[in-house]
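Work out the full structure: start from the sequences and follow the hints.
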Amino acid sequence: MPAYPIEIILNRQLADCLSMPVFITDTEGHLIFYNEPAEKLLGTRFEETGEMNVETWGTIFKQKDEAGKELPPGELPLVKTLRDRYPYHKTFWIESMQGKSERISVTSYPIIGRAGTFLGAVAIFWEAKDV
Amino acid sequence: MKISIRGVRGSIPTTSPETAHYGGNTSCSVVQEDGCMLVLDGGSGMQKFNLLQDTAVKRVDILLTHLHLDHILGLGFFNPFFDPSMDVHIWGPRSRMSSLHSRLSRYLSPPLFPVLLRDLPCKLTLHDIENSSFDIGPFHIESRYVIHPGPTVGFRVQGKHSVFTYIPDHEPMLGAKEFPADKRWISGIDLAQGADLLLHDSQYSSLEYEYRRGWGHSSMDHAAKFAGLAGVKHLLLAHHDPSHSDTDLDDLLADLKKRNNYSFNYELAAEGMVIELP
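Going down the list, the sequences are from chains A and B. If you use this note's numbering, the first sequence corresponds to residues 62 to 192, in order. If you use this note's numbering, the second sequence corresponds to residues 57 to 334, in order.
By construction, these hints were calculated from the structure, which means they are not laboratory data. Just so it is clear, the structure is predicted and the values come from calculations on it, not from any experiment. Check each hint, because a few of them may be wrong.
[What the hints assert, rightly or not] For lysine-lysine, the following DSSO-like pairs were computed, each having C-alpha atoms within a straight-line distance of at most 27 Å:
{"hint": "1", "chain 1": "A", "residue 1": "Lys151", "chain 2": "A", "residue 2": "Lys130"}
{"hint": "2", "chain 1": "A", "residue 1": "Lys161", "chain 2": "A", "residue 2": "Lys125"}
{"hint": "3", "chain 1": "B", "residue 1": "Lys313", "chain 2": "B", "residue 2": "Lys239"}
{"hint": "4", "chain 1": "A", "residue 1": "Lys101", "chain 2": "B", "residue 2": "Lys233"}
{"hint": "5", "chain 1": "B", "residue 1": "Lys239", "chain 2": "A", "residue 2": "Lys101"}
Here it is, written out as structure tokens:
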């Protein structure tokens with residue numbers, strides 16, 4: 062299997078150094094890396110799961126809006142970034158498979174490499190804070 | 057495939073009796089096979105050979121890993137540029153901001169250099185490359201972006217029977233605690249996989265690296281581990297720090313050998329070294 066482009070590798074190396082949960086996907090939305098803080102959110106370890114296809118990791122959380130209504134996947138920042146290749150941000154509620162609810166803010170951005178090629182996307186999860 | 061090492065020093069040329077053995081000229085290597093010549097990087101090592109002595113050679117290809125000064129310093133003194141009968145091709149990494157011609161012209165123009173790139177009498181062709189594959193004579197070449205400040209590539213040169221990989225400036229361990237078990241996450245690994253010969257950045261000692269993270273270079277330990285993971289047969293440790301004397305380099309290599317038992321052959325690259333691959 063060929064190595065990932067350095068733009069993806071550098072995003073992982075940055076994520077490795079951060080204390081915020083970071084998820085990195087390929088262009089199809091398959092989860093190719095998540096860092097240690099993200100492991101706590103997912104309840105799984107990257108070393109154990111390895112990469113996850115979009116069907117698997119897309120069902121780990123249930124997303125709800127501020128009114129408690131289920132959010133369609135198409136409204137999630139990362140899904141929009143993968144579709145539009147544009148950064149997005151949104152605050153919403155997630156419920157893990159263990160039934161734990163958390164209000165989070167998600168910022169996502171596309172990885173457009175040196176050659177101008179779309180290579181994947183990054184989502185950073187924050188504990189939501191009213192500002 | 058014949059590989060001639062013309063310059064192995066990093067950052068800036070050094071001239072002193074203390075660096076005479078490994079050499080003080082900056083990055084340049086020449087690869088030849090079947091009368092075809094590739095010049096890898098145009099550091100000050102480039103000035104040392106007079107191509108015009110070999111009248112049979114009418115085309116030369118210069119492959120630049122990046123445009124930091126220690127890799128282009130010798131270009132202005134490369135005599136084929138000044139021969140109207142020569143066909144010179146320069147291959148260098150693409151930038152989204154400006155063309156290779158425009159970026160090279162910053163150096164090859166007044167006040168830094170008296171002759172403009174466009175006024176060189178040779179037939180000059182520039183090629184912007186990225187993660188590219190291309191053929192020159194008997195060589196198949198792969199270029200890949202590698203971790204180093206600014207657009208920088210490494211090269212995998214496949215000859216008729218052997219592979220030479222050239223990554224003189226590279227910091228694959230940037231931000232990483234250790235090399236990941238999954239090799240797809242290692243910068244440059246595709247270029248070096250199973251190479252017969254790898255010339256790789258090893259500018260620092262492990263201690264020096266701690267103070268120079270992010271400067272774009274590797275320690276000797278990192279270079280050796282990288283070569284081991286890539287399964288290369290022979291490693292040339294290069295891009296020697298300008299502050300390292302010959303004795304310092306010998307001591308660093310001795311220390312590396314004392315602490316490790318790599319199965320492949322590894323040694324310090326030295327100016328004037330010639331390696332023939334089958």
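Hints and how they fare:
1. Lys151(A) - Lys130(A): 15 Å, holds
2. Lys161(A) - Lys125(A): 13 Å, holds
3. Lys313(B) - Lys239(B): 24 Å, holds
4. Lys101(A) - Lys233(B): 20 Å, holds
5. Lys239(B) - Lys101(A): Cα-Cα ~25 Å, so holds.
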